[in-house]
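Please take these sequences and the hints and turn them into a complete structure.
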Amino acid sequence: MTSEQTSTTHAALDAGSPKRTRLPYYPGCTLKTTGKGLEDSALAVAETLGMELVELPRWNCCGVVTSLTDDDLMRHIAPIRNMVRVQEMSDAGLVDDKRVVTLCSMCFNALKWSNARIGGNAEDLKSINDFMYLEEDYRGDSEVVHFLEILKELDPEAIARQVKVPLGNLNVAPYYGCTLLRPKSIGIDDPENPTIQRKFLETMGATVIDNSYKTVCCGSYQTVPDKYAVAELTHDILSHARSAGAEAVTTFCPLCAFNLDNRQREVLEKHPDFEPMPVFYFTQLMAVAFGLNAECCRFDLNHTDPRPLLRGKKLMKEDA
Amino acid sequence: MSESKTMMERISESTRSLTTGVDSRDVEHWVTIYIMGRGYEVPADLTIMTAMEFAGYKLIRSCGCRQGFCGACATVFRREGQYKLESALACQTRVEDGMYLVQIPFSPAEAAYYDIESESYDYSVFSKHYPEVARCVSCNTCTKACPQDLEVMDYIQSAIKGDFESLAEQSFDCIQCGLCALRCPAEIVHYNVGHLGRRMFGRYGSPEPEHLKTRLAEMERGEFSSALDALVGASTKKLKELYAARVRESDE
Ligand code: SF4
Ligand code: SF4
Ligand code: SF4
Ligand code: SF4
Ligand code: FES
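In order, the protein sequence lines correspond to chains D and C.
Quick note on numbering: the first sequence equals residues 5 to 324 in our numbering.
Quick note on numbering: the second sequence equals residues 71 to 322 in our numbering.
Keep in mind that a hint or two might mislead.
[Unchecked claim] Heads up, simulated DSS-like pairs for lysine-lysine below, C-alpha to C-alpha not over 25 Å straight-line:
id	chain 1	residue 1	chain 2	residue 2
1	D	K130	C	K214
2	C	K198	D	K231
3	C	K198	D	K40
4	D	K40	D	K231
5	D	K130	D	K23
[What the hints assert, rightly or not] Computed Cβ-Cβ distance ranges for the label pairs, DEER-style:
id	chain 1	residue 1	chain 2	residue 2	range
6	C	A256	D	L98	24 to 32 Å
7	C	Y313	D	F135	53 to 61 Å
8	D	R62	C	Q152	27 to 35 Å
9	C	S194	D	L98	31 to 39 Å
10	D	A126	C	E239	35 to 43 Å
11	D	F135	C	R148	14 to 22 Å
Honestly, the hints are just simulated from the structure, not real lab data.
All C-beta atoms, glycine included, are put in the ideal place defined by N, C-alpha and C.
The following block contains the structure:
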């Protein structure tokens with residue numbers, strides 16, 4: 005980035021942040037398609053907080069599901085190739101941090117797990133580097149973090165200062181699912197009782213509803229072969245949140261979002277009494293609380309439209 | 071020119087390889103290549119394609135434009151003493167000593183049938199017609215195989231991301247030789263994916279060119295009909311005259 009560009013982007017920032025921290029950023033395929041609401045809102049939120057998420061050049065799919073077999077190295081090529089991009093970026097001084105930030109929980113899980121698995125095994129790392137001879141060798145020392153971990157490092161006061169539309173009367177149940185938490189060695193919080201979303205949602209002024217279904221699996225890719233099995237899980241997860249008092253849930257995963265949100269259609273087929281519930285990407289709610297332009301939330305891509313709820317709570321303008 | 075000399079010329083002509091027109095006596099450098107396992111001495115400055123013809127093969131498949139455009143002449147080879155399996159276009163690559171060659175007549179692959187007007191302009195068009203793209207493991211083998219030096223893996227990744235513009239740009243020079251598809255461990259048919267992506271980009275992504283719109287309207291109005299009818303009705307003699315008298319851009 006040229007210094008000229010830097011100064012214009014800085015001009016858009018509030019006076020409190022002198023220089024935006026540039027972090028390598030891995031988007032993932034879904035965030036470029038159906039998960040646009042997660043990417044656009046997160047980029048806007050990051051910018052408001054003085055961070056620039058710099059997209060990795062030529063990134064490829066994260067690999068999606070980490071291979072658990074010992075000898076299936078092929079499946080680790082995709083994630084490790086992305087780690088080469090992170091290394092190149094930080095070596096070239098294009099970013100201020102060596103850790104790559106992820107938003108999609110699945111990408112986070114796949115990249116971090118493979119990185120730990122291969123980075124921690126000199127022999128396998130060599131096999132993969134030998135195979136990818138057109139790339140520079142990966143040294144195995146770049147790290148993968150999730151956006152929530154970055155938020156955790158910020159001064160809570162700085163986040164609180166950005167809250168322009170406190171979510172006071174909104175009852176939200178944070179949903180975690182699996183990939184942010186499991187396996188324990190990869191997870192960003194207690195796998196049994198995670199609380200990392202709570203603090204931030206409280207800072208946003210929301211009423212946080214805890215419930216034991218927050219870590220129940222959404223059914224993941226079973227949604228392809230058996231959508232009704234997943235619809236049952238969706239029904240259980242959302243009904244528990246509802247009976248605990250929640251009006252909406254939050255997630256960081258486009259696949260969880262698909263299962264919890266889009267599968268409400270199948271839930272209604274089987275359970276006509278079910279009351280549809282908006283499913284927010286965590287950063288969509290942050291963007292609302294920060295009073296950012298609603299466009300970055302891409303609510304048009306949500307299946308259960310969350311806008312009536314937000315308008316009813318006076319958290320969103322009638323015409324937005 | 072005497073009668074006997076002409077005869078000598080004709081004899082010499084007959085010893086020349088018919089299609090390559092190479093006279094063995096003029097050749098200074100020779101290499102040995104192996105075609106489907108059998109060794110042949112061929113002139114060193116021939117392409118793989120002409121060397122095969124020099125060796126006596128008559129190519130009825132794996133041969134088309136001879137100019138590096140049609141993609142018909144996909145060839146797989148290995149150099150003596152090397153482990154690496156390489157690929158090339160036979161019409162564009164010179165023989166090297168110790169090449170083990172095999173021609174790939176075509177790569178059997180399914181191409182999707184679709185009505186472009188009823189497809190949605192997003193990633194789902196790929197998951198619908200070529201769901202295999204999701205199996206890409208980013209091994210980059212396709213890129214290494216491409217004789218056009220395209221970033222094949224990157225254009226497949228662009229398809230996965232639903233980025234039609236970069237897919238169209240990156241795959242533009244694909245000549246559909248099929249070498250990538252033959253090497254891909256995920257059984258992806260890259261050139262068909264690229265083809266679909268470029269069509270979608272052309273239909274939905276790129277702006278309609280103004281001059282094309284104007285010209286199509288002119289044609290609709292029949293502005294060129296009489297001129298065309300005149301040409302269709304013209305005699306061969308008249309056509310030749312017109313051709314000789316035509317104004318070329320370089321004449322203007
Ligand atoms: S998790 Fe899914 S969307 Fe994210 S990069 Fe991996 S495959 Fe693509
Ligand atoms: S890399 Fe080659 S040898 Fe190894 S499993 Fe794959 S195909 Fe077999
Ligand atoms: S992309 Fe594949 S089909 Fe196209 S030119 Fe390259 S190798 Fe051949
Ligand atoms: S060869 Fe196949 S699996 Fe490997 S990068 Fe290319 S498309 Fe992906
Ligand atoms: S014959 Fe057409 S590309 Fe070689």
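Report task. Starting from D:K40, check that the Cα of D:K231 is at most 25 Å away, please. Result -> Holds - the C-alpha atoms of D:K231 and D:K40 are around 23 Å apart, at most 25 Å.
Requested in this report: Please work out if D:K130 and D:K23 have their alpha carbons no farther apart than 25 Å.
Outcome: Violated, because 38 Å separates the two Cα atoms, which is more than 25 Å.
Report task. Would you check the hint for C:K198 and D:K231, treating anything up to 25 Å between C-alpha atoms as holding? Result -> 18 Å, holds
Report task. Indicate whether the distance between the beta carbons of C:A256 and D:L98 respects the range 24 to 32 Å. Result -> Because 31 Å falls inside the window, the suggested range holds.
Requested in this report: May I ask you to test the hint 27 to 35 Å on the CB atoms belonging to D:R62 and C:Q152?
Outcome: 29 Å, holds
Query raised in the report: Is it true that the C-beta distance of D:A126 to C:E239 lies inside 35 to 43 Å, as the hint says?
Result: Distance hint for D:A126, C:E239 holds at roughly 39 Å.
Requested in this report: Would you mind confirming whether the straight-line C-alpha gap from D:K130 to C:K214 stays at or under 25 Å?
Outcome: 20 Å, holds
Requested in this report: Go ahead and decide if the range 53 to 61 Å is satisfied by the Cβ distance of C:Y313 to D:F135.
Outcome: At 58 Å between Cβs, range holds.
Query raised in the report: Under the criterion that the straight-line Cα-Cα distance not exceed 25 Å, is the pair C:K198, D:K40 satisfied?
Result: Measuring from Cα to Cα gives roughly 20 Å; hence the hint holds.
Requested in this report: For C:S194 and D:L98, compare the CB-CB distance with the range 31 to 39 Å and indicate the outcome.
Outcome: 33 Å, holds
Report task. Using the beta carbons of D:F135 and C:R148, state whether their distance is inside 14 to 22 Å or not. Result -> Distance hint for D:F135, C:R148 holds at roughly 19 Å.
Violated hints amount to a single one, hint 5; each of the other numbered hints is respected by the structure.
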